[in-house]
Amino acid sequence: MHSSFPIKTGDGRYLKRLFVDRLEDETLLINVICGVVSGVISSALANPTDVLKIRMQAQGSLFQGGMIGSFIDIYQQEGTRGLWRGVVPTAQRAAIVVGVELPVYDITKKHLILSGLMGDTIFAHFVSSFTCGLAGAIASNPVDVVRTRMMNQRAIVGSVELYKGTLDGLVKTWKSEGFFALYKGFWPNWLRLGPWNIIFFITYEQLKRLPF
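The numbers in the sequence shown follow full-length UniProt numbering, run straight up by one, and end at 212.
None of these hints come from the bench; they were simulated from the model.
One or more hints might be untrue.
Quick list of the computed label-pair ranges, beta carbon to beta carbon [said to hold, decoys possible]:
| id | residue 1 | residue 2 | range |
| --- | --- | --- | --- |
| 1 | Gly165 | Ile113 | 20 to 28 Å |
| 2 | Tyr204 | Gly116 | 47 to 55 Å |
| 3 | Lys53 | Leu210 | 17 to 25 Å |
| 4 | His111 | Asp73 | 22 to 30 Å |
| 5 | Ser115 | Ile202 | 40 to 48 Å |
| 6 | Gln153 | Phe123 | 26 to 34 Å |
In the DSSO-like style, the derived pairs of lysine-lysine whose C-alpha atoms are separated by at most 27 Å in a straight line are [to be verified]:
| id | residue 1 | residue 2 |
| --- | --- | --- |
| 7 | Lys110 | Lys184 |
| 8 | Lys53 | Lys208 |
| 9 | Lys184 | Lys172 |
| 10 | Lys164 | Lys184 |
| 11 | Lys175 | Lys164 |
| 12 | Lys53 | Lys164 |
| 13 | Lys175 | Lys110 |
All residues carry an ideal CB built from backbone N, CA and C; glycine is no exception.
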């Protein structure tokens with residue numbers, strides 16, 4: 001997920017500064033809009049790296065060649081569309097993840113500070129980042145399942161694609177495998193998102209305090 005997260009997080013913070021300057025002025029709507037816009041743009045730009053990563057993980061030892069050679073191979077066999085295969089669910093997933101994580105982090109931290117439960121401390125940042133990681137995993141996992149399956153589809157002449165789009169994938173998966181199939185890989189997903197968010201946001205908050 002996070003090949004483009006630093007980009008989308010930075011974009012989201014920049015967009016938010018266009019609307020508000022003070023912590024007290026932040027609203028859930030502004031956080032969601034800024035998070036979604038930045039997430040969609042950055043994830044769409046980084047989509048080729050996601051395609052390559054998912055195929056390398058799926059094929060394991062069968063995958064041959066280096067990164068650049070693999071990009072060229074995908075382009076030669078499937079064209080530009082191959083590199084941006086699954087870009088729609090990828091953008092949708094990014095919009096969900098960032099649109100949930102950034103607002104949940106900001107609103108949780110804001111509530112903890114303004115309610116007097118905690119100060120603007122590392123512990124408050126830890127609780128906020130832990131909460132937003134869990135929320136992001138819950139919200140994004142269904143789209144992540146469909147996105148991964150779509151990216152593993154190769155564009156072969158005469159072949160029938162598994163899913164026509166995200167909604168089609170969600171419906172077919174639910175009907176054929178049940179609701180909980182949409183949450184396959186949830187624990188690994190959360191165990192990845194949780195620590196990453198904790199490290200990222202705590203580091204980010206500390207860097208903000210440096211005098212430069």
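- Lys175 paired with Lys164 [C-alpha distance capped at 27 Å]: Judged against 27 Å, a Cα distance of about 15 Å means the pair holds.
- Query: Does the structure keep Lys53 and Lys164 at a Cα separation of 27 Å or less?
  - Reply: 22 Å, holds
- Distance restraint evaluation - His111, Asp73, Cβ atoms, bounds 22 to 30 Å: Once the Cβ atoms are compared, 50 Å apart, the range 22 to 30 Å for Asp73 and His111 is violated.
- Query: How does the Cβ-Cβ distance of Lys53 and Leu210 compare with 17 to 25 Å: does it lie in that range?
  - Reply: Taking Cβ atoms as reference, Lys53 and Leu210 lie about 32 Å apart, which means the hint is violated.
- Task: May I ask you to test the hint 26 to 34 Å on the CB atoms belonging to Gln153 and Phe123?
- Result: Violated, at about 45 Å.
- When you take the CB atoms of Gly165 and Ile113, is the distance between them in 20 to 28 Å? Violated, since Gly165 and Ile113 (Cβ atoms, about 41 Å apart) do not stay within the stated range.
- Query: Quick one: are Ser115 and Ile202 within 40 to 48 Å, going by C-beta?
  - Reply: Hint violated: Cβ distance 20 Å, outside 40 to 48 Å.
- Message: Tell me if the straight-line CA distance from Lys53 to Lys208 falls inside 27 Å.
- Response: 32 Å, violated
- Query: Does Lys110 lie within 27 Å of Lys175 when you go C-alpha to C-alpha?
  - Reply: 41 Å, violated
- Would you mind confirming whether the straight-line C-alpha gap from Lys164 to Lys184 stays at or under 27 Å? 20 Å, holds
- Task: Take the C-alpha atoms of Lys110 and Lys184, compute the straight-line distance between them, and say whether it is at most 27 Å.
- Result: 33 Å, violated
- Message: Please verify whether Lys184 and Lys172 have alpha carbons no more than 27 Å apart.
- Response: Satisfied, since the Cα-Cα distance of roughly 15 Å is no more than 27 Å.
Hint violations for this structure: numbers 1, 2, 3, 4, 5, 6, 7, 8 and 13, all remaining hints satisfied.
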